[in-house]
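*Asks:* Listed below, chain by chain, are the residues.
4 protein chains.
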Amino acid sequence: MVATKKVGILGATGTVGQRFILLLANHPVFTIHALGASSRSAGKSYQDATKWKQNQPIPENVQNMVVQECKSTHFKECDVVFSGLDADVAGDIEMEFLKANLVVFSNAKNYRREPTVPLIVPTANASHFDLIPHQRKVFGQDKGFIITNANCSTTGLVVPLKALQDAFGPFSHIIVHTQQAISGSGYPGVPSLDILDNIVPYISGEEEKMEWETGKILGSVNSEATGFDHLENTVVSATCTRVPVIDGHLESVSLKFAQQPAPSIDDIKRVLENYTCEAQQLKCHSAPEKAILVNASPDRPQPRLDRDLQKGQAVTVGRIRECPVFDIKFTLLIHNTVLGAAGSSVLNAEIAVAKGLI
Amino acid sequence: MVATKKVGILGATGTVGQRFILLLANHPVFTIHALGASSRSAGKSYQDATKWKQNQPIPENVQNMVVQECKSTHFKECDVVFSGLDADVAGDIEMEFLKANLVVFSNAKNYRREPTVPLIVPTANASHFDLIPHQRKVFGQDKGFIITNANCSTTGLVVPLKALQDAFGPFSHIIVHTQQAISGSGYPGVPSLDILDNIVPYISGEEEKMEWETGKILGSVNSEATGFDHLENTVVSATCTRVPVIDGHLESVSLKFAQQPAPSIDDIKRVLENYTCEAQQLKCHSAPEKAILVNASPDRPQPRLDRDLQKGQAVTVGRIRECPVFDIKFTLLIHNTVLGAAGSSVLNAEIAVAKGLI
Amino acid sequence: MVATKKVGILGATGTVGQRFILLLANHPVFTIHALGASSRSAGKSYQDATKWKQNQPIPENVQNMVVQECKSTHFKECDVVFSGLDADVAGDIEMEFLKANLVVFSNAKNYRREPTVPLIVPTANASHFDLIPHQRKVFGQDKGFIITNANCSTTGLVVPLKALQDAFGPFSHIIVHTQQAISGSGYPGVPSLDILDNIVPYISGEEEKMEWETGKILGSVNSEATGFDHLENTVVSATCTRVPVIDGHLESVSLKFAQQPAPSIDDIKRVLENYTCEAQQLKCHSAPEKAILVNASPDRPQPRLDRDLQKGQAVTVGRIRECPVFDIKFTLLIHNTVLGAAGSSVLNAEIAVAKGLI
Amino acid sequence: MVATKKVGILGATGTVGQRFILLLANHPVFTIHALGASSRSAGKSYQDATKWKQNQPIPENVQNMVVQECKSTHFKECDVVFSGLDADVAGDIEMEFLKANLVVFSNAKNYRREPTVPLIVPTANASHFDLIPHQRKVFGQDKGFIITNANCSTTGLVVPLKALQDAFGPFSHIIVHTQQAISGSGYPGVPSLDILDNIVPYISGEEEKMEWETGKILGSVNSEATGFDHLENTVVSATCTRVPVIDGHLESVSLKFAQQPAPSIDDIKRVLENYTCEAQQLKCHSAPEKAILVNASPDRPQPRLDRDLQKGQAVTVGRIRECPVFDIKFTLLIHNTVLGAAGSSVLNAEIAVAKGLI
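Chains as they are written, first to last, in full-length UniProt numbering: chain A, 1 to 358; chain B, 1 to 358; chain C, 1 to 358; chain D, 1 to 358.
Rather than coming from a laboratory, the hints here were simulated on the basis of the structure.
Misleading hints may appear alongside valid ones.
Said to hold, decoys possible - From the structure, some residues in chain C lie toward chain D, with a derived Cβ separation under 7 angstroms:
(1) His173
(2) Val200
(3) Val245
(4) Asn295
(5) Pro298
(6) Gln302
(7) Arg304
As the list claims (entries may be wrong) - Taking lysine-lysine pairs in the BS3-like style, the calculated list, with each CA pair at most 27 angstroms apart, reads:
(8) A:Lys311 <-> D:Lys53
(9) B:Lys311 <-> A:Lys256
(10) D:Lys51 <-> A:Lys311
(11) A:Lys51 <-> D:Lys311
(12) D:Lys209 <-> C:Lys256
(13) C:Lys256 <-> D:Lys51
(14) C:Lys209 <-> C:Lys76
(15) B:Lys269 <-> C:Lys51
(16) C:Lys209 <-> D:Lys256
(17) D:Lys311 <-> A:Lys53
(18) B:Lys311 <-> C:Lys256
(19) C:Lys76 <-> C:Lys355
Just so you know, even glycine gets a beta-carbon here, dropped at the ideal spot from N, CA and C.
So that you can see chain A by itself, here it is in the shape it has in the complex (with noise of 0.2 angstroms):
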């Protein structure tokens, strides 16, 4: 880790790129080289193209940065491309950086249904990358590659699921509500008008998202490394709501097990407790401690008093309890715009240089 690497930011003036920026600024691997965005952005200094919306300043090194289009030859120096760009040009953009021979690692949704496209949660499934050799070859890369990382509330659900899922196999059931915080729907986003004093119980496409994305994250890359294999026979039922909170998004979630009988409660918390991932053995820089943050106090998580332990990178979870219906339940927490965004995609960018993949 003595090497510095330069990295680009796609996006680099929405809500997610300037998470990117503050998590980058004072970083031991990754120093910004060079940051994207729209054609109405370029060529301006940063400080004038963005609406900065973070409660820290504009890093001193990045407010003169001059904003480029979202071209691969504005980032052909780069070693890594975080990109915090919107679905509707995340697409094209990323298959054109791909295919220039850049790594990229995406926020959008656009390939995380791609079958030779890892969809990676640092602390869950960093195992994924065993499949970067065989994307190189579909695409016809020798140094790039993309890989994305999961919707920010399929996130926070699949870190206790996996140590779960490690500890006492598969699941049969899962119900899921979330209480999704507003910064996820980015700036402007939710109208002041729709969320305060109110509820909204409903964001596009995001249970289907949850419902999906849970079953290629929880699955395995295949045996001879050239696809995933699926979550079979755990079916997922998602209810995702939006709710007057600036960040931290909460989920409840009942759950059973394919295995009968159920592990214990203290079972389930001493697993929950003791999970490490690939991530930490690493010794990647913005792991957490704890990938897992076990809360006993009856009313915990809170979204304002937990968000930031361990500086938004772990999960917590707690009210685990038994399950009248299923096996158990518990809430869980995560910060949807460091682990559940831009702070995936940096401990994915740590966990690749660690494994020599850049």
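Assemble chains B, C and D onto chain A, guided by the hints.
*Replies:* Coordinates of chains B, C and D only, in the frame set by chain A:
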């Protein structure tokens, strides 16, 4: 409905009591005759005794009524006594009133599990009034009786469940997740530091109430009219959270019918839309025109937009769709301080009058 | 007030337009005859064209009305046209309507500073209707005319100021600080990320409006009824902020009277409590029983508790006390989308009918 | 600054006490030695005694410290005692500590008006420490003394005022309007029903504090160093409101200089930008790099975006512009629980160490 009944209100200075006063201020059947509160308030005028937190003024004829202690001697002229007392005092006081041959409609939890006390949601199980003759016998009263209404979240849940159970038979599994308004916790209730930019994923005792009360309400009076046959074989799992919303509890429900194949989504919608209840047939003043409002918009119901429909006495249901795990899922909204509290009691009392019990 | 007047609503699909529809749905004098919006909405039914954000349903008779483009030919049968148009289009459209001999009541800022256009707050300066004959002459109309109502914050300010000025003469200095609700910015309006757990201490153009409009409204029609004598020697300094409140602008006012010694606090209270305005004397349907409500509680007015009093057409004043720097200070509340917008226009139109101008 | 000073915290379980613990947990000069709270908490471990409401965990070395009663015998080894006690108990306890020859830094209001007790905002009037020798004489102590810090809103106000007064002489008139965060009221503090979708235009005693304290802080130690010469001829009028913001008080200020003509806006900005205070010169650990941050954006400062700058020890000033009534107006933001409370005490103590008083 010509004669006017005199009513008393216990706990008149509290949040539920204030709602009673607004609901009863211009009522065609009931006239406010006596107000009860703690000894600290007794002897004061109502406007001096209460910290009024409603967005309408105190009705003029109530402002200067003198608050009494909650003793039956002060209420013996009342045809009906509404209780908005807290659980820590409701048990003794309500029993003293019942034994003084008074008619009590209670919001407290204390007698909900009592085998001879009906737990009535007025738009769901008005048939449970049939137990009153037996209850009077048990307590040795010729006029007095006690009715409790349900927990606010249970109330919202059982109205659509009742409609569906009547049409399609009982459920095998119900998983419900609530997002409950702060007014449900009274005043001062939830500290603002706990709920601004936050969710509290726990409400003491609430999940147990929902899981238990549902079985009594959706059950039936036994054939001898001496007790209740609770629902058997319907398992309920509830998760209850507190959200920064003033009024209106939102609930996400997933359920499975005992009888398979389950009804279609269209059948479900049709049954909910066409549901009518006894309170409507009896033409009670506070009965909603429709006990269930089905909203077809993908992002409704929403607390701020839908809670006041039908003067807060309806349950709004939306997002009716298939559940990958169970048969169907949907979202419902109940106004927690109207149908979920004082409004239930008032409508229950109107039903009792219409049935000749008062 | 027997005959029914046909009315049109411009900008009917917007936030102010929706308020017009609710205020006019069951009006004894006005009946909704035509709805205007952008060409994007034209030709659609109202319920398809609008994103309805009110907590009451769209009135049944309006749901299926076909929305028209905002051209006077579609509104020529209307006795009154209410405009909730945005300032960027209001200028041209309202002038086209005026020149088609139509009567326009506008919420937009475009003509407020026009020397021949009255700027009328209905419970403050209805006497400014006296300029209409001259205005008709200037624009060459025999029936048509245009009236604007004031900025929402100005409206709240001038009602108590008018009462005090009538009693004690003009002010030398006024310093006012506003805390304005998000509904004042329309929909989608203020992004939730800007206002949850936050205050925005700036509203573009708002302070200038308050500082200027106050002088026109508190001034008088000149003796020839050909123009307005603005207040001279009253200096206003405004600071305007946006707060996380749905409806209701709160304003803190410090003021000094030109004539010294200043009146006593008791005199101030008495004058505010006894204030009556022409709209009340004309017995207009939407006139509040009291144009100013004085609340003696130390912590009132409060937006959520007081905004709906008098159906939103009153200004509530509280905390009347001595100011160490000037003479007095007090706090006022106005419902910004009722008296502060659509409600002003409707009441202005009622006054015009009562005065025989329509 | 090599030697380590032992410190005690009174009121350690309250909101201010929790902030003290976070600020002192990794402090280079101070080490937490004793914790004091009510007799109800005494004898318990800190983590059992407190209802921790911070978004960082309780520091590990504090979790199991045993809470003591607030008696000087338990704190006699402490070089410094920080008091976050409520005013109803602070008077007696702090005096008992002082008379035990202990050094007390208090957040309570009780001794702020005491003629021999300095009222010090560390980035404004550190020169008031000069009174300590006299105070020790009065109370007969050789080591002990007591310093109070100011009300949180006063603190924000006086920092820019001090900079301007030093440069341009005293003010004749100041009108200030505050929008204060809920954390200022402690826990449980403001009920959520009072502040969601609402503003409370009143905080008991707050306006009087601002109007009085400003004159003491901006005044000077008299020439014999035996008392304070309060500002004369500067009149302050304050209006204080409570808003739904977690942390950060926003204040709108209009002011007039005694000496005319007043400085230009550019001069004002320059003076605020270049202001430095004694705490900076003494290189105190908690001193901000800049005591005043001037933000040139038209819509800043904002609580959520600016409160944490400079670790909460700076005052951010924006919207500096001419006032039509007075000379200038501007908006400022102070983090009420850092510089506005515990942060002031800690920095005051650091100054006292640097000055050799401890």
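*Asks:* Compare the structure with each hint and give your call.
*Replies:* Quick rundown of the hints versus the structure:
1. Here the hint on C:His173 is kept, as its CB sits about 5 angstroms from the closest CB of chain D, short of 7 angstroms.
2. Among the interface hints, the one on C:Val200 holds; its C-beta lies about 6 angstroms from the nearest C-beta in chain D, closer than the 7 angstroms criterion.
3. The beta carbon of C:Val245 comes within 6 angstroms of a beta carbon in chain D, closer than 7 angstroms, and the hint placing it at the interface holds.
4. Checking C:Asn295 against chain D: minimum C-beta separation of about 10 angstroms lies over 7 angstroms; hint violated.
5. The restraint placing C:Pro298 at the interface with chain D holds, with a minimum CB-CB distance near 5 angstroms, inside the 7 angstroms limit.
6. The restraint placing C:Gln302 at the interface with chain D holds, with a minimum CB-CB distance near 5 angstroms, inside the 7 angstroms limit.
7. Because the smallest distance between the Cβ of C:Arg304 and any Cβ of chain D comes to about 4 angstroms, under 7 angstroms, the interface hint for this residue holds.
8. For the suggested pair A:Lys311 and D:Lys53, the alpha carbons sit about 18 angstroms apart, so the restraint of at most 27 angstroms is met.
9. The suggested pairing of B:Lys311 with A:Lys256 is violated, with an alpha-carbon distance near 41 angstroms, which exceeds 27 angstroms.
10. Distance check on the hinted pair: D:Lys51 and A:Lys311 sit about 23 angstroms apart at the alpha-carbon level, within 27 angstroms; holds.
11. In summary, the hint linking A:Lys51 to D:Lys311 is supported, as the alpha carbons are separated by about 23 angstroms, within the 27 angstroms threshold.
12. With a CA separation close to 23 angstroms, the supplied pair D:Lys209 and C:Lys256 stays within the 27 angstroms bound.
13. Only pairs whose Cα atoms come within 27 angstroms are accepted, and C:Lys256 paired with D:Lys51 is rejected, the gap being roughly 48 angstroms.
14. Restraint check: the Cα-Cα separation between C:Lys209 and C:Lys76 comes to about 32 angstroms, which exceeds 27 angstroms; the hinted pair is violated.
15. Taking the CA atoms of B:Lys269 and C:Lys51, the gap is near 24 angstroms; set against the 27 angstroms cutoff, the hint holds.
16. This hinted pair checks out: C:Lys209 and D:Lys256 have alpha carbons roughly 23 angstroms apart, not beyond 27 angstroms.
17. This hinted pair checks out: D:Lys311 and A:Lys53 have alpha carbons roughly 18 angstroms apart, not beyond 27 angstroms.
18. Between B:Lys311 and C:Lys256 the CA atoms are separated by roughly 46 angstroms; this puts the pair beyond 27 angstroms, and the hint is violated.
19. For a cut-off of 27 angstroms, the pair hint linking C:Lys76 to C:Lys355 stands: about 22 angstroms separates their Cα positions.
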